[in-house]
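So the sequence lines, in the order shown, correspond to chains H and V.
Residue numbers are given in this note's numbering: position 4 of the first sequence equals residue 4, and the series is strictly consecutive.
Residue numbers are given in this note's numbering: position 24 of the second sequence equals residue 24, and the series is strictly consecutive.
Treat the hints as calculated values from the structure; they're not laboratory data.
This structure is a prediction, so every number in the text was calculated from the model and none was measured.
Note that the Cβ used here is the ideal one computed from N, Cα and C, for glycine as well.
Interface residues of chain V toward chain H, partial, derived using beta-carbon atoms under 7 Å:
| id | residue |
| --- | --- |
| 1 | Phe34 |
| 2 | Gly43 |
| 3 | Leu44 |
| 4 | Leu46 |
| 5 | Lys49 |
| 6 | Thr51 |
| 7 | Phe105 |
| 8 | Gly106 |
| 9 | Lys107 |
| 10 | Gly108 |
Derived SDA-like pairs (lysine to any residue); straight-line CA-CA distance at most 25 Å:
| id | chain 1 | residue 1 | chain 2 | residue 2 |
| --- | --- | --- | --- | --- |
| 11 | H | Lys57 | V | Lys107 |
| 12 | V | Lys102 | H | Met27 |
| 13 | V | Lys102 | H | Val88 |
| 14 | V | Lys102 | H | His29 |
| 15 | H | Lys71 | V | Lys102 |
| 16 | V | Lys58 | H | Thr95 |
| 17 | V | Lys107 | H | Tyr104 |
| 18 | V | Lys102 | H | Gly58 |
| 19 | V | Lys49 | H | Thr5 |
| 20 | V | Lys102 | H | Asp26 |
| 21 | V | Lys68 | H | Asn105 |
| 22 | V | Lys102 | H | Ala2 |
| 23 | V | Lys102 | H | Arg72 |
| 24 | V | Lys107 | H | Leu115 |
| 25 | V | Lys102 | H | Met41 |
| 26 | V | Lys107 | H | Val88 |
| 27 | H | Lys14 | V | Asn41 |
| 28 | H | Lys9 | V | Gln42 |
| 29 | V | Lys102 | H | Asn28 |
| 30 | V | Lys102 | H | Gly42 |
| 31 | V | Lys49 | H | Asn1 |
| 32 | V | Lys102 | H | Ser67 |
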Amino acid sequence: NAGVTQTPKFQVLKTGQSMTLQCAQDMNHNSMYWYRQDPGMGLRLIYYSASEGTTDKGEVPNGYNVSRLNKREFSLRLESAAPSQTSVYFCASRTAPGLAGGPYNEQFFGPGTRLTVL
Amino acid sequence: AQSVTQLGSHVSVSEGALVLLRCNYSSSVPPYLFWYVQYPNQGLQLLLKYTSAATLVKGINGFEAEFKKSETSFHLTKPSAHMSDAAEYFCAVQFSGGSNYKLTFGKGTLLTVNP
Numbered sequence: 001n002a003g004v005t006q007t008p009k010f011q012v013l014k015t016g017q018s019m020t021l022q023c024a025q026d027m028n029h030n031s032m033y034w035y036r037q038d039p040g041m042g043l044r045l046i047y048y049s050a051s052e053g054t055t056d057k058g059e060v061p062n063g064y065n066v067s068r069l070n071k072r073e074f075s076l077r078l079e080s081a082a083p084s085q086t087s088v089y090f091c092a093s094r095t096a097p098g099l100a101g102g103p104y105n106e107q108f109f110g111p112g113t114r115l116t117v118l
Numbered sequence: 001a002q003s004v005t006q007l008g009s010h011v012s013v014s015e016g017a018l019v020l021l022r023c024n025y026s027s028s029v030p031p032y033l034f035w036y037v038q039y040p041n042q043g044l045q046l047l048l049k050y051t052s053a054a055t056l057v058k059g060i061n062g063f064e065a066e067f068k069k070s071e072t073s074f075h076l077t078k079p080s081a082h083m084s085d086a087a088e089y090f091c092a093v094q095f096s097g098g099s100n101y102k103l104t105f106g107k108g109t110l111l112t113v114n115p
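Just chain H, with the same shape it has in the complex (with noise of 0.2 Å):
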């Protein structure tokens, strides 16, 4: 049971350059989330899914898209890079909303994906 995974650790990108950040669950879990983290300001979100086949915007979605690939693959673009993009990128997912548990069912994250662009 891996858990979250999230490829690639890394990655070194030019300004209007494009990438793909991916990210897999196997906990068969419905809800699946998209962060940033950026020094002194906690984890934003990006985007979510929660459930397979919608997605929808969170707190800063401006300059990435999303695709929920299946239940349970969840892939991060960016159509062109900028620097303000440099950052963390985390994968988050959870149980689905009225499942045993409910709303106090925690989100599991990935181990990140560090972006820089130049």
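Fit chain V to the known structure of chain H by using the hints.
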């Protein structure tokens, strides 16, 4: 507006001393509360969560937190700090309402433990 505040971006304690990390939230309805820990260059790991079964919640590694509705607080404590507790700690709040269970994170508190 609903918000989460962690007082003190950096807390420094001596090994063996009491650890107190503060978290306050702003909401008219009690939310769902979590504390996460992040060790250097790692992801976030759940430390403990409030489930309404008891106001004093015990977590991993000897940490505990007390939910105080009247103070809208969920402070994290540990009686005796250990060097291995050095990490960044995040209070996270899931505000009531909605079906997507989004978390709002505080800005984090970096805990340093001095020998």
